[in-house]
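Q: Use the sequences and the hints to build the structure in full.
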Amino acid sequence: MATSKVEGSSSLRHAFGGVLSVFILFLIGVVAFSIRLFSVIKYESVIHEFDPYFNYRVTQFLSKNGIYDFWNWFDDRTWYPLGRVIGGTVYPGLTLTAGTMWKLANSLNIPLSVETVCVFTAPIFSAFAAWATYLLTKEVKGPGAGITAAAILAMVPSYISRSVAGSYDNEAVAIFALIFTFYLYIKTLNTGSLFYATLNSLAYFYMVCSWGGYTFIINLIPMHVLLCIVTGRYSSRLYIAYAPLVVLGTLLAALVPVVGFNAVMTSEHFGSFLVFIIIHVVALVYYIKGILTPRLFKVATTLVLTVGIAVCAVVVAILVALVASSPTKGWSGRSLSLLDPTYASKYIPIIASVSEHQPPTWPSYFMDINVLAFLVPAGIVACFLPLSDASSFAVLYLVTSVYFSGVMVRLMLVLAPAACIMSGIALSEAFGVLTRSMKFHITKYFECSHTEAPAKLGESTSTESSAPLENMTKSDTTEKPEVARKEKVARRKQKKEKELTENAHVKPVSAKKERRPLVLPLEASIVSVFLLIVLGGLYVLHCVWAAAEAYSAPSIVLTSHSHDGLHVFDDFREAYAWLRHNTEVDDKVASWWDYGYQTTAMANRTVIVDNNTWNNTHIATVGTAMSSPEKAAWEIFNSLDVKYVLVVFGGLVGYPSDDINKFLWMVRIGGGVFPHIKEADYLKDGQYRVDAQATHTMLNCLMYKLSYYRFVETDGKGFDRVRRYEIGKKHFKLTHFEEVFTTHHWMVRIYKLKPQKNRIRGKSRKSKLGSKSTSSKSGGMTHKNPWN
Amino acid sequence: MAKGTNDAQLLVQSLRKAYAATPTSLKIIDLYVVYAVATALIQVAYMAMVGSFPFNSFLSGVLSCVGTAVLAVCLRIQVNKDNKEFKDLPPERAFADFVLCNLVLHLVIMNFLG
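Protein chains in written order, with the working numbering: chain A, 1 to 788; chain B, 1 to 114.
Some hints could be false.
Claimed, not checked - Distance ranges between label pairs, derived from CB positions:
1) B/L113 - A/S11: 47 to 57 Å
2) B/T24 - A/T293: 18 to 28 Å
3) A/N190 - B/K27: 25 to 35 Å
What the hints assert, rightly or not - From the derived model, a few chain A residues whose C-beta atoms are all more than 12 Å from chain B:
4) V85
5) L226
6) V316
7) M438
8) F569
9) P656
No lab work stands behind these hints: they were computed from the structure. In this text the structure is predicted, and so the values were computed from the model without any measurement. Each residue gets a CB set at the ideal place from its N, CA and C atoms; glycine is no exception.
A: Here is the structure:
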């Protein structure tokens, strides 16, 4: 009777717990969605940045023309005159997902526009990612840790920065795919079911469709398999988890046109094949070990080793020769720059010039993952008590992502889920210990009978906490390293927690073999729970602040607060709209590659180079044109059929990311292909300046002229608010270009190429006639100027 | 030297004896695996003779053989009564998973065959 009553109440408690956790997960999804809406509230529902505009344009094309045209689309409005094969060079996951959602909504008669679906794709998928984190952490540690990790991931600023409403980029769906693939892998590892292995391969396929970062998965999982084999944790479940994934995964990855045959030919995938072979060898060894006697097994091993090593040496020699014959050893430039961080700056200036490819600074860790930065070591320790396949995977994932986040600030995004999982585990374990102590003391207070207290507690403590309890009291040999480790970790935490861990280990040293529950004093537990809740509150506060202030800027619209209210700088859209309405449909626009995607999406004009940066020579041509004097630049642009040139200039309002600040990269990239452009010509004493001390080449290059033409008319002195000095050359005229449009705050300036004159005057008649001569431009111009 | 060959013979004999003790159903699966791997090797030899164009057909052919071999090995692991980890998994469920995974594999192969 008593047992059935206890069982009934515990099943009721389980049912109530289940409903409560579903409700909590729903709320977590709502939080994840809403915290990303700050930019929509503060500005408007608009697509941000540069890359999302390309994805938006592709989604528009998909929704208008259907999937077959999208798959075979050759885009002739970009990279003129080369064009770009969109079907074969884009990761289709994001656009197909958004296109499907749009189609579904419209078929249900919910009239959402494509732009709305694109803007809100990222918040929806971040809610899904939080739920996937719950599932993954539940497999690693338990449902309590799962809910904590999901709540933390919903708000972590690093993930928010790449998935706000409007940031319609690959990472929006890729992070969800990453976590979901890892969850299915761990689930297969824990259950050994081939069904989950199939689902794992399909989730991996979705990840390959979505992001180039899929190489992280296809290298991390083999590393984990190798780790399991080396630490003696090989089991048949490991084989079922890994082998089908490699075969199916490689096939599915080869199906995506962007990857194609790279799935079997590039070094990024060789790790998985190598471990595939290794796991088969290990499986065979274990099988033979099972059916032979130990003596015969020894004979077998000696035989196999002598023969096998000879064969292996030959095969490895062939492979190494094949791989070493290619200059990059088979790796792509981007992957190589991850392994050797100095590679890009030496050989590929384009990769080195992107700001998100720089290494992060220490404060950016605290900004992006905040409190998690010091909860993670506690999580690592908790993963080792006890160590299972799943928790070893979590530790490996964290360690590798910490390394990669140190190489490139953009990859802090991959660190975020790992840090959330670890912190969720740490917090959940901490709460478990503390609440158990509180419960123990409170029940003891109400029991008032000494003999019954320990026995009753053995039954009434929940099942998930009794197991680690017994582990900690029974194992004496692991006390010392645990104490040492815990003390080392505790030095980094707050003082209070250090006292706690020292208290925690006073008890087991004295307890011999009896089942004493591991508890802390009541006051310490209450204060610690309160402090942990305050810690969580501070984390939430930071996340909301980061989402609202730091990561919600759409960067296509700028605002500034001044004493007379809010100023809105909408110059970019003003310029693109002018282009759209005042130029011919087939006119070509040249600008630096940053603005290519926005120009094709919003102005609907053909551009020369855009953010895809697949052709370095083409970009170098534009860079050379921007760095050359007017006539040479005109020649280059004319050969490309360019009609309009667009520059971004921030000197009037103090916008720091303008083309003059990016100019040195144009010189470097141009100089990498055309040797007559030398960076030293543009620097005075190694310093980059555009004032009166600037070099002659700098003051006469096209970028300087197009940025500062008529700038002196604004304030009479030509004071540049970004560089904070007066410019060098103030009064000059343009000979080969004419200004057609400058936006309200002078942020975008559009120039038209002047057509060539019909009659060119001879050498003898020079500017001595003086009518239309350009002043203060002579400098070192010794060759004839046919435009006078 | 003689001891070496003697040991090798003893080894092969004991292997053969131990393998004869496995149930017939597992032996059928092993035969299927051997057949799949042999087909893959034949395809590789053919590619070495006539060249690798079209590469996607070669890849899909070889990977389908390797894939069914791997899946058959997984089925064998799950159906083997000596395996304590899978003793509460009904063999029908294992076979159903095997069929499902093979379906997905062959769907992908059909798509990639070109």
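Q: Against chain B, does A/P656 keep a CB gap of more than 12 Å to every residue?
A: Given a closest Cβ separation of 49 Å, the condition holds.
Q: Classify the label on A/V85 as holds or violated, using whether its beta-carbon is more than 12 Å from each beta-carbon of chain B.
A: holds, 17 Å
Q: Within 47 to 57 Å: is that where the Cβ-Cβ distance between B/L113 and A/S11 falls?
A: The hint (47 to 57 Å, Cβ to Cβ) holds, given that B/L113 and A/S11 are roughly 53 Å apart.
Q: Does the claim that A/V316 lies outside the interface with chain B hold up, using a Cβ gap greater than 12 Å?
A: holds, 19 Å
Q: Test the statement that A/M438 is away from the interface with chain B: the closest C-beta pair must be farther apart than 12 Å.
A: holds, 38 Å
Q: Compute the least Cβ-Cβ separation between A/L226 and chain B, then decide whether it is above 12 Å.
A: With a cut-off of 12 Å, A/L226 remains clear of chain B, as the shortest Cβ separation is near 18 Å.
Q: Taking 25 to 35 Å as the stated bounds, is the beta-carbon spacing between A/N190 and B/K27 within them?
A: holds, 30 Å
Q: If I take the minimum Cβ distance from A/F569 to any residue of chain B, is it greater than 12 Å?
A: At roughly 49 Å from the nearest Cβ of chain B, A/F569 sits farther out than 12 Å, so the non-interface label holds.
Q: Range first: 18 to 28 Å. Now tell me if the beta carbons of B/T24 and A/T293 are that far apart.
A: At roughly 24 Å between Cβ atoms, A/T293 and B/T24 fall inside 18 to 28 Å, so the hint holds.
No hint from the list above goes unmet by this structure.
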